[in-house]
Amino acid sequence: MLQLISLLVENKPGALMRITGVLSARGYNIESLTVARTIDPTLSRMTIVVDIEPQLRSQVIKQMNKLVNVLQASDLTDSPAVKREMALLRVRAPLASRTAILKEAEIFGARVVDSSTEGFALEATGDSEKLDEFIDVMRSYGEIEVTRSGAIAVSLEAKKLRLAPPIPRNAALDESDEKLETRL
Amino acid sequence: MSTNPAHRTSGVAESKLMSGSQILLECLVRENVDCIFGYPGGVTLPLYDALYDHPMRHILVRHEQNAAFAAEGFARSTGRVGVCCATSGPGATNLVTGLVDAMMDSIPIVAITGQVTSKLIGSDAFQEADTFGITRSCTKHNFLVKTVAELPQAIHEAFYIASSGRPGPVLVDIPKDVFQAQAHYTPVSSIHLPGYKVFTEGHTGQIRRAAQVIWESRRPLVYAGGGIIAAGASEELRELVELIDAPAVTTLMGLGGLASDHPNYISMPGMHGSYAANMGMTHADLLIALGVRFDDRVTGRLAAFAPHAKVIHVDIDPAEIGKNRAADLPIVGDVKRVLEKLIKVLQETAPGSREQNLEARADWRKQIRDWKAEHPLTPEVSTTEIKPQHVMREIDRLSGGRAIVTSDVGQHQMWAAQFIRFNSPRLWLNSGGLGSMGFGLPSAIGAQFARPDKLVFAVVGDGGFQMSIPELATIVNHALPIKIVILNNGYLGMIRQWQELFYNNRLSQAELTSFPDAEKLAAAYGFKGRTIEGVHQLAPALEEAVREPGPYLLNVRVSPFENVYPMVPAGGAINEMVLGAPQPVEA
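Residue numbers (our numbering), protein chains in the order written: chain P, 1 to 184; chain X, 1001 to 1587.
Rather than coming from a laboratory, the hints here were simulated on the basis of the structure.
Certain hints may be false.
Pairwise CB distance ranges (calculated) [to be verified]:
id: 1; chain 1: X; residue 1: Ala-1149; chain 2: P; residue 2: Arg-37; range: 18 to 26 Å
id: 2; chain 1: P; residue 1: Lys-159; chain 2: X; residue 2: Ser-1424; range: 38 to 46 Å
id: 3; chain 1: X; residue 1: Glu-1150; chain 2: P; residue 2: Leu-163; range: 32 to 40 Å
id: 4; chain 1: P; residue 1: Glu-53; chain 2: X; residue 2: His-1184; range: 50 to 58 Å
id: 5; chain 1: P; residue 1: Ser-58; chain 2: X; residue 2: Gln-1212; range: 45 to 53 Å
id: 6; chain 1: P; residue 1: Ser-149; chain 2: X; residue 2: Ala-1473; range: 53 to 61 Å
id: 7; chain 1: X; residue 1: Asp-1328; chain 2: P; residue 2: Met-1; range: 26 to 34 Å
id: 8; chain 1: P; residue 1: Ile-167; chain 2: X; residue 2: Gly-1571; range: 23 to 31 Å
id: 9; chain 1: X; residue 1: Ser-1424; chain 2: P; residue 2: Met-1; range: 49 to 57 Å
id: 10; chain 1: X; residue 1: Asn-1324; chain 2: P; residue 2: Asp-78; range: 20 to 28 Å
id: 11; chain 1: P; residue 1: Glu-129; chain 2: X; residue 2: His-1184; range: 35 to 43 Å
id: 12; chain 1: X; residue 1: Glu-1150; chain 2: P; residue 2: Thr-117; range: 53 to 61 Å
Here are a few chain X residues that sit away from chain P, every Cβ distance over 10 Å (derived from the structure) [what the hints assert, rightly or not]:
id: 13; residue: Gly-1232
id: 14; residue: Ala-1303
id: 15; residue: Ala-1304
id: 16; residue: Ala-1524
We put the CB at the ideal spot given by N, CA and C, even for glycine.
With the hints as constraints, model all of the structure from the sequences given.
Structure representation (structure tokens):
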């Protein structure tokens, strides 16, 4: 079963590598991964969908929480959360089926973002299953090309975010030269 | 503590123009570093130029891997952060084994590596390697410092991360131009790592529940590990053990956490643990697991491990709780703080609770004593050849539980752990988790620098010794009085043992021939050494080695086909021990 992990991480080089490293070291394949800055530009929100054996899930979350760059990693698989994905889809279709495509797009709540004599470019959002269906339907009209964003999710529960306070560094700084000398 | 006469920080409150190299050294001094183990290279030339007239002590090793091991030896023997330094590319990749070693055993070290000039990063420049990427998984955290402005912060963060929480290795990769850059240096007054969480205190409610579970138990056993050493909690451990009068085992990483001479002490448990320790684990109704990670070498087949026991698991790393064995009562915290609190609760509750199960507990202690008597851990001794266990007994006699003993990896490591007593922490230094051959000699170098007052034995096999021979030069350079004792059986002993027991004695690539003449080898480096073969030579030779004011290389020819027992075959339950060879087979 797929697991949905949401992480709040420092927006720093290497942070992504550390997090995916926890997964790749155990041979897990990532189904999808999205990252973007939060309103605080020093932080990023990451959503990962990955297939992990049920008994190892909490271990993986703990290992992610241990990373210095990770402020919070949480498992949203079974907790109240809204999950969405976006697909951009180009469909080549003969003039005859254009009206039908637009009807179908309307049913799925998709928007036309480009239109040409070749066909349409459409934008759809929803949960992954809905997008699967939408893509299937569009395929029946002609040749398609699809890019999916991967899932993003937001928890519906307020999760307490515990941040470490600044640490004075260090005792030696306040000491005089002589004290340092005698210790060395 | 070092011999450096005038170790000066710039002592500036106002900012001062300094080079990146000078800033790095300044930060190291402020982190109380007085000794770096390293090896220079192209991109660290600016750093080594700054070191030229800086009072910081730099120990030139002969291979970067040994710089990391020496830094570990320094850290393991003191609890202070060990520092090693290497150049870019091959220098950095040579550190990797030491970094993983420190990671596995939770040892605080900081590695400084040079990197090619920032403009060249990613261009396959000469001696370029992606050190930041390579060491991501072998460090607790790592840094690539891209500007000199970030340098002080990175160094102080590195030391804080290495030494706090569950300790571990941290690497700081510094490009050559950052070493060279001039910048106004102002001391760092605070660091901020919002995502770095350290849990020290332990949950009060859980601690109270633990006390109750302890009083309710009939067959409690204390199972203490490397966390006790890391936390400096041996005093608290002793208090706990005495307060509840429970038998105790310490793991390979925890040896010395409770004095080997303590009446409640059993021995090391696990694959080569004693009969009493493993039977104790198997029959206990409560395991008080302190700073341990239920390693497979301790538990054997997990499903059959301590089947009757409730588990109280105290660890500073939340990811260790329930990783291998589910904990009935997890307590996340610094084991020293948690034990302090637990002891207090136990003392408060003792009057009403101590009396329950008094008889059952007395029976349990008697049972442990009976198991000890039934199959005691006694060293093999022969009149015709030197048994390796006999060597350990003699080292133990000379040490009296007080010397620092480093070991390599393999049979001799297990015998040393079985037969040498350690009456205080930070005396037994070995590569427990990673099992890195070649660890013994360089870690002894680090330990001897850190503890010049201590008698240091490097107990090594003929295999591991030959991985670290170059460091004999470092030992001689600094006249380190390390006593190197080679348990020379002419084989990779543990490999041979497994091949004998599990591969029909097909000894594939296990024999080590052409070992050099030890006396000549030592003489070539300019110190004393000898080879002994006769049993009667053993004690006097070891005494001579200890009397010698400088280093000594003692090559002991031991019986080649000795096996380490007791032994739990891989995948077996720990109470299914093979206690010894069926019958001594005469050829």
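Earlier hints that do not hold, by number = 3, 5, 8, 11
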